[in-house]
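Residue numbers (the numbering used here), protein chains in the order written: chain A, 3 to 387; chain B, 3 to 387.
Hints should not be assumed to be uniformly reliable.
No copy labels: a pair is met if it fits in one copy or bridges any two.
In silico DSS-like links for lysine-lysine, alpha-carbon gap of 30 Å or less [to be verified]:
# : residue 1 : residue 2
1 : K269      : K42
2 : K258      : K37
3 : K258      : K42
4 : K195      : K42
5 : K358      : K258
6 : K190      : K305
7 : K269      : K224
8 : K308      : K235
9 : K197      : K386
Hints in this document: simulated from the structure, not taken from any laboratory. Note that the structure is predicted; figures quoted are calculated from it, not measured.
Number of protein chains: 2
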Amino acid sequence: MRQTAIIGIGQTPVREHWDYPIRQLAVQALWAAIKDAGAKHIEGLFVGNMLSGALAEQEHLGALIADYAGFPCIEAVKVEAACASGAAAVRQAVLAVASGHLEIAAAVGVEKLTEFSGKFSGKALATAADADYEASIGLSFAALNALMMQRYMYEYGYSKEDFAPFPVLAHQNAQYNPNAMFRYPITKEQYLKAKPIADPINLLDSSPISDGAAALVIVPLKNIQSFGGSAVKISACEIATDTIGLDNRENPIVLKAAQKSAQAAYKTAGIQPRDISLFEAHDAFSIITALSVEASGFANAGKAPKLAADGVFNINGRLPISTFGGLKGRGHPVGATGVYQLVEAAKQVRGTAPDKLQVDDVRLAMTQNIGGSGATVVTSILEKI
Amino acid sequence: MRQTAIIGIGQTPVREHWDYPIRQLAVQALWAAIKDAGAKHIEGLFVGNMLSGALAEQEHLGALIADYAGFPCIEAVKVEAACASGAAAVRQAVLAVASGHLEIAAAVGVEKLTEFSGKFSGKALATAADADYEASIGLSFAALNALMMQRYMYEYGYSKEDFAPFPVLAHQNAQYNPNAMFRYPITKEQYLKAKPIADPINLLDSSPISDGAAALVIVPLKNIQSFGGSAVKISACEIATDTIGLDNRENPIVLKAAQKSAQAAYKTAGIQPRDISLFEAHDAFSIITALSVEASGFANAGKAPKLAADGVFNINGRLPISTFGGLKGRGHPVGATGVYQLVEAAKQVRGTAPDKLQVDDVRLAMTQNIGGSGATVVTSILEKI
Numbered sequence: 003m004r005q006t007a008i009i010g011i012g013q014t015p016v017r018e019h020w021d022y023p024i025r026q027l028a029v030q031a032l033w034a035a036i037k038d039a040g041a042k043h044i045e046g047l048f049v050g051n052m053l054s055g056a057l058a059e060q061e062h063l064g065a066l067i068a069d070y071a072g073f074p075c076i077e078a079v080k081v082e083a084a085c086a087s088g089a090a091a092v093r094q095a096v097l098a099v100a101s102g103h104l105e106i107a108a109a110v111g112v113e114k115l116t117e118f119s120g121k122f123s124g125k126a127l128a129t130a131a132d133a134d135y136e137a138s139i140g141l142s143f144a145a146l147n148a149l150m151m152q153r154y155m156y157e158y159g160y161s162k163e164d165f166a167p168f169p170v171l172a173h174q175n176a177q178y179n180p181n182a183m184f185r186y187p188i189t190k191e192q193y194l195k196a197k198p199i200a201d202p203i204n205l206l207d208s209s210p211i212s213d214g215a216a217a218l219v220i221v222p223l224k225n226i227q228s229f230g231g232s233a234v235k236i237s238a239c240e241i242a243t244d245t246i247g248l249d250n251r252e253n254p255i256v257l258k259a260a261q262k263s264a265q266a267a268y269k270t271a272g273i274q275p276r277d278i279s280l281f282e283a284h285d286a287f288s289i290i291t292a293l294s295v296e297a298s299g300f301a302n303a304g305k306a307p308k309l310a311a312d313g314v315f316n317i318n319g320r321l322p323i324s325t326f327g328g329l330k331g332r333g334h335p336v337g338a339t340g341v342y343q344l345v346e347a348a349k350q351v352r353g354t355a356p357d358k359l360q361v362d363d364v365r366l367a368m369t370q371n372i373g374g375s376g377a378t379v380v381t382s383i384l385e386k387i
Numbered sequence: 003m004r005q006t007a008i009i010g011i012g013q014t015p016v017r018e019h020w021d022y023p024i025r026q027l028a029v030q031a032l033w034a035a036i037k038d039a040g041a042k043h044i045e046g047l048f049v050g051n052m053l054s055g056a057l058a059e060q061e062h063l064g065a066l067i068a069d070y071a072g073f074p075c076i077e078a079v080k081v082e083a084a085c086a087s088g089a090a091a092v093r094q095a096v097l098a099v100a101s102g103h104l105e106i107a108a109a110v111g112v113e114k115l116t117e118f119s120g121k122f123s124g125k126a127l128a129t130a131a132d133a134d135y136e137a138s139i140g141l142s143f144a145a146l147n148a149l150m151m152q153r154y155m156y157e158y159g160y161s162k163e164d165f166a167p168f169p170v171l172a173h174q175n176a177q178y179n180p181n182a183m184f185r186y187p188i189t190k191e192q193y194l195k196a197k198p199i200a201d202p203i204n205l206l207d208s209s210p211i212s213d214g215a216a217a218l219v220i221v222p223l224k225n226i227q228s229f230g231g232s233a234v235k236i237s238a239c240e241i242a243t244d245t246i247g248l249d250n251r252e253n254p255i256v257l258k259a260a261q262k263s264a265q266a267a268y269k270t271a272g273i274q275p276r277d278i279s280l281f282e283a284h285d286a287f288s289i290i291t292a293l294s295v296e297a298s299g300f301a302n303a304g305k306a307p308k309l310a311a312d313g314v315f316n317i318n319g320r321l322p323i324s325t326f327g328g329l330k331g332r333g334h335p336v337g338a339t340g341v342y343q344l345v346e347a348a349k350q351v352r353g354t355a356p357d358k359l360q361v362d363d364v365r366l367a368m369t370q371n372i373g374g375s376g377a378t379v380v381t382s383i384l385e386k387i
């Protein structure tokens with residue numbers, strides 16, 4: 003098994019991109035990554051996307067984006083795992099290079115949600131849940147997450163305001179990320195007064211409907227000298243799944259797939275949770291941040307909100323999380339999100355994050371990309387070379 | 003790079019499966035393959051599917067099918083490459099095992115099209131074309147293939163009846179395949195009188211809207227002794243792409259991606275076209291059979307219909323094609339088709355095809371799975387051990 007490295011990164015700003023169709027967003031990020039790598043060609047393209055079929059009536063994104071990027075004959079496929087599609091595509095690129103079949107592969111995550119009405123996007127997003135037993139009875143993702151949050155509050159005796167540190171921190175960081183959707187801070191008071199979505203979840207618990215694309219170029223670790231790009235080692239990229247339906251889980255506030263993929267990632271990288279310098283969490287909703295941090299071994303069950311209140315997750319804290327604003331602040335262009343996390347983690351490892359966001363002395367950065375209500379989780383670890 | 007082998011195969015009949023939702027079709031094929039392998043567990047699942055999001059409002063098939071198959075914690079993703087989704091998923095399973103990341107992986111292709119009106123399926127299928135420049139102006143796949151067929155007839159001086167041997171042969175073989183959708187022969191006269199679809203394509207040029215699932219279990223070649231299943235070596239499984247739009251091609255009747263993936267497959271397997279014992283072609287429309295046979299080096303440009311008329315492609319001919327009925331006779335459950343082809347090729351290599359379909363002395367069987375109007379092509383070669 004060959005070891006792999008990221009040699010190039012690229013991203014578009016996360017916005018409502020009314021001016022660009024999905025193919026152009028993808029190509030912008032992809033070419034930025036190829037240029038950053040100092041490469042001229044790629045042999046394979048793995049596209050992370052969830053909803054272009056439902057929303058833009060465009061499937062077959064592998065061939066489409068390879069074509070529009072100017073590589074009309076390479077290997078190319080789309081990989082879908084709901085909101086974890088981005089990192090799942092990265093995993094396939096890693097396998098292709100690790101296997102020796104490809105010498106240079108790219109993963110691009112891309113999603114375009116805002117050309118359509120909010121209602122339609124919400125319905126399309128619900129296809130990540132169990133269509134027959136969840137979505138069909140009206141369980142949107144806000145509703146599923148509300149059930150988890152309600153249970154967590156009951157189980158550990160928290161109130162609504164205990165979750166404020168998560169979105170406040172996300173916005174705090176996002177304001178310094180030029181590619182973030184929400185580049186302004188919010189206060190605890192604003193959080194508590196925000197519009198309810200699905201009790202106890204309100205607007206400021208929820209990541210936004212966004213458009214964007216992010217890309218990585220991946221090569222064998224042993225070949226990084228052949229490229230101009232600044233290389234970051236991929237020490238692990240591990241997928242695990244859980245039951246698709248929340249109701250089939252032993253405990254609805256334990257993300258078993260996150261536990262399993264994080265443990266696999268630690269094992270593959272040969273490290274412990276305490277070795278991690280920073281963690282890009284999948285904060286689609288505030289509750290998921292807490293569950294993700296706990297499942298990854300960074301906090302005991304029920305303790306994440308306490309650690310957040312103590313500042314543990316701030317940029318200068320013991321374990322900075324969502325350092326570029328996370329899904330809440332940077333935005334959540336579904337199939338692109340996992341690739342954004344890895345682009346941001348790579349910037350931290352390279353030491354090229356914006357001044358106010360750069361974590362000191364980063365050796366190991368971890369990302370966790372979550373699909374559905376935790377049914378697919380991809381945990382990745384990047385390492386300084 | 004580890005070499006890989008198919009150790010188990012499974013399939014459902016290709017039918018209008020009104021009684022089974024997509025998850026049940028997939029699980030039936032998957033468990034049949036696992037049982038056939040003599041295995042109890044799989045570490046990864048790669049699902050080939052194109053349209054469950056659009057038609058069944060269900061994405062996230064990786065986690066869903068892993069869950070319903072009784073493996074709720076394994077690695078699982080969906081792979082999409084239009085009608086080539088099935089073999090593209092097999093390619094990912096091969097990469098995962100070849101890389102050393104997984105010791106046993108399954109690929110399942112599944113599609114359910116008939117629960118919905120024909121019109122809706124047709125519109126959904128058109129998302130494999132360029133949504134902005136082809137589908138939006140009304141170019142369905144029948145229309146795109148009609149353009150190719152028209153051009154081919156003009157270029158090489160064929161008339162409609164010269165294409166009759168392809169569907170006649172497909173039905174001839176399908177009648178002996180218990181899993182085929184159309185288990186009856188057709189005549190040249192029936193073909194010439196069939197209802198027009200998009201001139202010169204008629205109903206009997208066209209593969210049917212179908213439901214079905216097929217699955218493979220893949221392990222490292224060196225480990226086949228640990229399983230009870232009958233092993234077949236995967237000597238190659240190579241993807242290539244072409245422009246998504248037909249209008250951007252240098253020559254609309256040359257399948258460049260098929261040429262490229264076939265050449266890559268021959269190189270990987272270390273063989274020549276003449277070494278191939280049989281070829282499972284992607285006969286979605288009669289014209290595609292001709293173009294696929296030519297692109298793969300089995301006939302010179304413009305000669306495929308002549309060879310068909312001479313009986314070269316019959317079961318007892320020099321190069322049998324579509325030995326289980328192909329897409330025209332067995333049926334074309336889009337994301338499952340590429341896996342059906344490999345299941346059928348594996349049966350030929352094992353020597354377990356139905357009596358009237360078994361090709362003599364099969365050493366190397368080739369399959370070619372095509373997405374869109376040739377924008378993604380996966381060519382695979384299976385070898386007797």
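Consistency of the hints with the structure:
For the homomeric pair K269 and K42, the shortest alpha-carbon distance between copies (24 Å) is at most 30 Å, but the shortest distance inside one copy (34 Å) is not. Taking the closest pair of Cα atoms, K258 and K37 come within 30 Å of each other only across two copies (27 Å); inside a single copy the shortest separation is 38 Å, beyond that limit. Within a single copy, K258 and K42 get their C-alpha atoms only as close as 41 Å, which misses the 30 Å cut-off; across copies the closest is 22 Å, which meets it. For the identical chains of this complex, K195 and K42 are neighbours neither inside a copy (51 Å) nor across copies (53 Å), given an alpha-carbon limit of 30 Å.
When the C-alpha separation of K358 and K258 is checked against a cutoff of 30 Å, the pair qualifies neither within a copy, at 34 Å, nor between copies, at 50 Å. Taking the shortest Cα distances, K190 and K305 sit within 30 Å of each other inside one copy (19 Å), while across copies they are farther apart (74 Å). Taking CA atoms no more than 30 Å apart as the test, K269 paired with K224 passes in both settings, with 21 Å inside one copy and 25 Å between copies. In the homo-oligomer, the alpha carbons of K308 and K235 never lie at most 30 Å apart, since the shortest distance is 33 Å inside one protomer and 55 Å across protomers.
Taking the shortest alpha-carbon separations for K197 and K386, neither the intra-copy value of 42 Å nor the inter-copy value of 65 Å comes in at or below 30 Å.
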